[in-house]
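Based on these hints, arrange chain S on the given structure of chain V.
As they're listed, the protein sequences go chains V and S.
Reading the first sequence from the start, the letters are residues 16 to 127 in my numbering.
Reading the second sequence from the start, the letters are residues 294 to 407 in my numbering.
Just so you know, not all the hints are guaranteed correct.
Some, not all, of what chain S presents toward chain V, calculated at C-beta under 10 Å [said to hold, decoys possible]:
no., residue
1, K307
2, G309
3, G335
4, F383
5, R403
These are calculated hints, taken from the structure and not from any lab test.
Everything numeric in this text was worked out from a predicted model, so none of it was measured.
The C-beta atom is built at its ideal place from N, Cα and C for all residues, glycine as well.
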Amino acid sequence: LAKTTQPISMDSYEGQEVNITCSHNNIATNDYITWYQQFPSQGPRFIIQGYKTKVTNEVASLFIPADRKSSTLSLPRVSLSDTAVYYCLVGDGTGGYNKLIFGAGTRLAVHP
Amino acid sequence: NAGVTQTPKFQVLKTGQSMTLQCAQDMNHNSMYWYRQDPGMGLRLIYYSASEGTTDKGEVPNGYNVSRLNKREFSLRLESAAPSQTSVYFCASRSGGSGHNEQFFGPGTRLTVL
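Here chain S stands alone, though its shape is the one from the complex:
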């Protein structure tokens, strides 16, 4: 099993450009998450999807959109990138349901917006 995979690993954008970060998991998990982590800071929840077909806002959703394409895939889109969105983006998945199960994280996408 590959676990949680993210593409691309690195990306440089200019202000105003758009892009989509891809995330896929092969663990048949119901819940998926997108976090961002700024240098020296903790993780902040952008959006999450409790199950296929549902998405909900997290702590910092402004400037982002998400799509739960199917059970495996959860993408994050930046429509008009801004320098403040320079960060490392982590995708995670979790079996879901009751609280006693862990999140599995991908390796991250390092995004720089110039």
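In isolation and in its complexed conformation, chain V is listed as follows:
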């Protein structure tokens, strides 16, 4: 079972860069790593996905080392609206790509 481990919570201030690391020691060869953001009373929303090295989009970057046993979500210059729970997700090898299990997530609080 591909399990992920993240810090329970993090605090930051507006304008800072935030890096959230996820550990996934049992990631399968074909698994992608996906990050989601969830605001209270809403369903999770896709942020970014990657397989190896670095991926960047308009809201975040994802760094994945060569061994793929961890990944780091980087949020540049956070604002108050980035306060949310962030989940790292990898496919569960026993169910192929389709059995997608969320970890506990990281609660990010951004302060003025």
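Positioned in the frame of chain V, the structure of chain S alone reads:
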């Protein structure tokens, strides 16, 4: 496109009552999922359907049944509701196949079992 829709948005049940949560997607996705989220906790996978005609258990399937009615619809049934099933239920869909595609989530159904 409406994306993923869920009905009802809110529901209150008494212990022992049954109900079905409905989910539909209009993105022609192959895979669909049901998660539950208890207050202050992460999402837990109840059941999923990799493709039309198949369903599989997730992490917490006990007390639930599912039906993949067709490619668009995936329902979740509580046969005899218990207070421990008080939660927010999220349905999600995904294109399926290889790992590099995202899940799209519905707005959730907030269920209270008294």
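Against the structure, the hints come out as follows:
1. K307: K307 (chain S) check fails; min Cβ-Cβ to chain V is 24 Å, beyond 10 Å.
2. G309: G309 (chain S) check fails; min Cβ-Cβ to chain V is 28 Å, beyond 10 Å.
3. G335: holds (4 Å)
4. F383: holds (5 Å)
5. R403: holds (8 Å)
This entry does not satisfy hints 1 and 2, going by the numbered hints stated previously.
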